[in-house]
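Enquirer: Just so you know, the protein sequences line up as chains L, U, F and P, in that order. For the first sequence, position 69 matches number 69 in our numbering, and the numbering has no gaps at all. For the second sequence, position 84 matches number 84 in our numbering, and the numbering has no gaps at all. For the third sequence, position 260 matches number 260 in our numbering, and the numbering has no gaps at all. For the fourth sequence, position 118 matches number 118 in our numbering, and the numbering has no gaps at all.
It is worth saying that the hints were derived from the structure and are not from the lab. Careful: at least some of the hints might be erroneous.
[To be verified] Here are the simulated distance ranges between beta carbons:
1. T129/L to D141/U: 34 to 40 angstroms
2. D161/U to E30/L: 50 to 56 angstroms
3. D161/U to A179/L: 52 to 58 angstroms
4. T129/L to Y218/U: 40 to 46 angstroms
5. K268/F to E123/L: 38 to 44 angstroms
6. G16/L to D141/U: 21 to 27 angstroms
These numbers come from a predicted model, not from an experiment. Just so it is clear, CB atoms sit at the ideal spot from N, CA and C, and this is done for glycine as well.
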Amino acid sequence: MKLFEYQAKETFRKNGIPTPESVLITSENELGAASEITGYPLVLKSQLLMGGRGKAGLIRFVQDRAQAERECGELFASHFHVTKILVEQAVDIKNEIYLSITVDPVKAKYMIIACAEGGVEIETLAAETPEKIIREYVDPDNGLHPYQVRNVAFQLGLTGDVLKKFSLVLSNLYKAFLANDAELIEINPLFITGKDDVIAGDGKLSIDDNSGFRQKTYEITRDYFDTDAEYESALEGIPYLQFDGDISLMCAGAGLTTTVYDLINYEGGTVANYLEFGGPNYKKAVRAMELCLKNDSKVILVVTFGTIARADVMAEGIVDAIKRLKPDRPIVTCIRGTNEEEANRILKDAGLVPLYDTEEAVRKAVSIAAGGEA
Amino acid sequence: MKLFEYQAKETFRKNGIPTPESVLITSENELGAASEITGYPLVLKSQLLMGGRGKAGLIRFVQDRAQAERECGELFASHFHVTKILVEQAVDIKNEIYLSITVDPVKAKYMIIACAEGGVEIETLAAETPEKIIREYVDPDNGLHPYQVRNVAFQLGLTGDVLKKFSLVLSNLYKAFLANDAELIEINPLFITGKDDVIAGDGKLSIDDNSGFRQKTYEITRDYFDTDAEYESALEGIPYLQFDGDISLMCAGAGLTTTVYDLINYEGGTVANYLEFGGPNYKKAVRAMELCLKNDSKVILVVTFGTIARADVMAEGIVDAIKRLKPDRPIVTCIRGTNEEEANRILKDAGLVPLYDTEEAVRKAVSIAAGGEA
Amino acid sequence: MSIFINETTKVLVQGITGKEGRYWTEHMIGCGTNVVAGVTPGKEGQTVEGLDVYHSVRRAVAQEKVDASMLFVPPRFTKDAVFEALDGGIKKIVTIADGIPLHDAVQIRKAALLEGAQVIGGNTSGVISPGKAMMGFFPYWIERVYKPGRIGVMTRSGSLTNEVTAMVVKAGFGVSSLIGIGGDPVPGTRFAEMLPQYEQDSETDAVVIIGELGGSMEEECARMIRDGLFTKPLVAFLGGRTAPEGKRMGHAGAIVSGGKGSVKDKIKAIESVGGKVAQRPRFVGDHLKELLGK
Amino acid sequence: MSIFINETTKVLVQGITGKEGRYWTEHMIGCGTNVVAGVTPGKEGQTVEGLDVYHSVRRAVAQEKVDASMLFVPPRFTKDAVFEALDGGIKKIVTIADGIPLHDAVQIRKAALLEGAQVIGGNTSGVISPGKAMMGFFPYWIERVYKPGRIGVMTRSGSLTNEVTAMVVKAGFGVSSLIGIGGDPVPGTRFAEMLPQYEQDSETDAVVIIGELGGSMEEECARMIRDGLFTKPLVAFLGGRTAPEGKRMGHAGAIVSGGKGSVKDKIKAIESVGGKVAQRPRFVGDHLKELLGK
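Chain L with its partners taken away, still in its complex shape:
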């Protein structure tokens, strides 16, 4: 789960990483009180998970009250669905650093990434100036040694007081990374101020979903998602992505669903939504179809090839969903795997025409979407 900047910064502060003074507001009315804490100039930072907020105009530097009110109003009214703004003190920046910790799956170590030029996306840095990227690998059992922190600091060219403050930030960032079962923890930019303070300018924290049993769980709210449908499906625990094409996918298995997505594109079709109801969700056919029917798709394509997710159970689910939801569009099925003979019987009994070949099913769906016969 990706957290918002304000949540990441809360975690930073809890772990001893300095952040600028800031107040989270949910309406323009709270701006006055917030600015009394931060002072002017200040920064209005829309709390959205998307990257490139700066370029999208979702972060505004403002000099005074009048400007702040104007820009704040604009942000809350924007089409980006801004519901929270972090009002933050503007910091006197001397320098910006990139700093993050993630996992290296090959070495089976944690990986610290740093760059003396912060503020830019790390992917851009990696592509354009790979030689400037500093990597330090941390053994998960031994932990982060002080010499490793120094190695990063010296490579960044830090000295004296800044080196000491940076070292504390990195040590604490590592603690936060571990304590939160993080996939990624990132400070970009990490400010070096005119007074040689080291302060987190921005914050990203992505928590491993599999660690839920031992981690504080954040309530899933609409803000975390681009669309209502993605929010709703997340509440159900159903992997779902919203597109605006013609064919709703209702498939099982991440790899197979992705492949069906590719095949539709190859055949000139367009996808309305990506949806997996395999794995633990294979009995959720009704809920899955309901999500698909909310789209303006022209056909629903069901493709599965399961083992534990039994074909007959999925077929029954589809038939049940059709009975309950009475879908207004054709459904193409290609259900294979454990007990597939039984599945086919169930589908036929319900008046469907079960297909056995994925490509055939894809072509059928694309044809229907293009106005062909169901």
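Given the coordinates of chain L, work out where chains U, F and P should sit on it, guided by the hints.
Expert: Just chains U, F and P now, kept in the frame of chain L:
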């Protein structure tokens, strides 16, 4: 530093290891209030660091108030210098287990030791029934895995509820071992009660002296030592052991001092005290000699062979000590090592007869102690 | 001879008394697997499918010779079970757990590397040498997928494996040994680390890898070929060619960012060393025929 | 050829700018040691004895070939310095720190074993091959102790080493290589682990070990002899024969309890495999003469 039972049990409770209800008292007057918390029967446990307290009569089971007062008075009045008694609830014991964690210097791992027959000293168990001793080695970096806790529990023959409670005790004991930089943490006996509770009957905790900079430090009090002299020298940081022979050792280097101790015994002499003033103490000659002079020894034997602990500095220290303390007994010196020529000049100038051979010096001291010429 | 597992491999089942453990132990035996014992803490004395159940791996290996361990253990206990198996000296471990915490997975892989052990999974169906033995839960009864033959298969997926392997069989081939690396971001074992065994295996003529966007496992295979460590024909099928960047499509391990881990790069890497990448599952068979000269 | 260190060994000094570091670096060079560079975080750009100082081991080894590292680092920072040296690929490390926390020492030794490195110390004077090279702080200027020769010496003590080695020299011998294992309860390297190198060393005719009560290092040496892994003559001097049980006499590593680690047991172990145990330092020379037939 070895802690008292009551301190070890405080640590146990802080780490989630159950102990019997208990109250520490420092005088008979507090017995009444204490017994109201523990109830009768109760156990009076003299807080001394020596082993074999039970055999020495320093632990008393009492049934009622009258007996408690009598026994309590006896303990405080004993020649063992009892200043603190732990008044503890008597527990309904079904079974006793031995459990400890220490370090294995060869494997470079932590070592859990357990035995289904507790209450006896582990050295006795190891000597008499080595096959009954269970060992589980813990990698210092990986930490204690749950399967290792189960391995110990299954080997002890535990099942059901007792197994679960024991597992929690062992996990918590490991946490306490780490958190305290322990050399040894031991529960002996660990009670299994009639109600299948698992409770620490006794507690030993020895904290690594080298970890002082990151550990809570306990105030050194007289109670920790057998003699006043050992207490005083510990306050000075001077390794010192009290004996009752004729020759006071004032040597440098643990190995050399131990060897001089041996040589005196070989020559038929007796040692009044073991004292090292080498290492960081090599400038503490005055304080060291003061400690020696408190003994009824007949001669002080100085043997050194140092590198950083320079011979001339030590010689100067000895001469200075003689001037200040005006010792009433002869001093035999054998000071070698860095700047030894200068050292010998200093000693001769002060009227001493410096020797260069350890055995010669030992023989001289033994001879003086036996009434020979100084 | 098969790789990783064959009919002589002595398999221990950790978590054998659970519903899943019982069910698939029966099927593993049905597939020919030489399951020798089971472990469930607290259940020693019970039997499952006639096999003795022990409290711990250590007690099991004291009684039975064990070559490999199959874990039917929930994700949150998987790390402990893997370390217990390693402690028991077992060098081949398969875990099907879907949902192993990321940081646990890092520690599992690190321990496996250190011990010289191979941990397959999690989030996989396991490994199968059709007709000989199986560790995991493959629908080996579907003959149009799990037909014995001479093509090695490695995969990051479950259902897609059935899809692609069915195409391999349809083209007239069969499977020698199939290894489900799994769809997690940090699998215990990586594609490239299995290639030397396929290279050695006299029963494997070519290898099919079923990959997807994200990560670098396919690129690592290309490096093995480039370095001459794998010389047999290799065909890849990669899901997510048309996936939009930045969206979490496919497995948790499959996130494309900053151009790294894109299917385009993977295709380039594999083709540059003479491997083939099939655009559609159906084409995998065609490429195999071409490379094997059939 | 010497063991562990000789005049060609390229030595890095960690903590070179401290008072102790400077002083002993000068003496190590004076003794013939090939010191090539120093490390002190934050002091890069300085020089000590004409040697470049680097911020870190990694920066030092990027510039200089290094075979061994000498640590003049306080006890509480020793663990970090050892791990930094290991990270720099250095396989020979000597630390003289007196007061390394026990739990740090366990981690240091574990890491050394894992990396196949040898960490000598802590709580030692270091290692010296008289006339060739030295790492640590030996009073090599005292010729009646540090005279070159053909007797290997290993020791858990400091002052006692001077005492015993002086007797070896007095008896007409000299020292090939002296290794100060150190007096800590968990030394980085143990007596027995050095024996194979003495066995191989063409410049060593016999080995003297200077041990004491407590621990099992002397018994481990006896096992090496029993197993045929060390075949040269061995003479031991052991302090604490008459030490009362239960008292902490000698080094922190020297506690006798429950009959384990007593000098009596050690003597039995060594003598049972043909080694000699000298009752007094003076007798060490006699035993050497006897064993070497001089």
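Enquirer: State for each hint whether it applies.
Expert: Evaluated hints:
1. T129/L to D141/U: 34 to 40 angstroms: Holds - the Cβ-Cβ distance for T129/L and D141/U, about 35 angstroms, lies within 34 to 40 angstroms.
2. D161/U to E30/L: 50 to 56 angstroms: With a Cβ separation near 54 angstroms, D161/U and E30/L satisfy 50 to 56 angstroms, so the hint holds.
3. D161/U to A179/L: 52 to 58 angstroms: With Cβ atoms ~32 angstroms apart, the hint is violated.
4. T129/L to Y218/U: 40 to 46 angstroms: Violated, at about 55 angstroms.
5. K268/F to E123/L: 38 to 44 angstroms: The hinted range 38 to 44 angstroms is violated for K268/F and E123/L, with Cβ atoms some 18 angstroms apart.
6. G16/L to D141/U: 21 to 27 angstroms: holds, 24 angstroms
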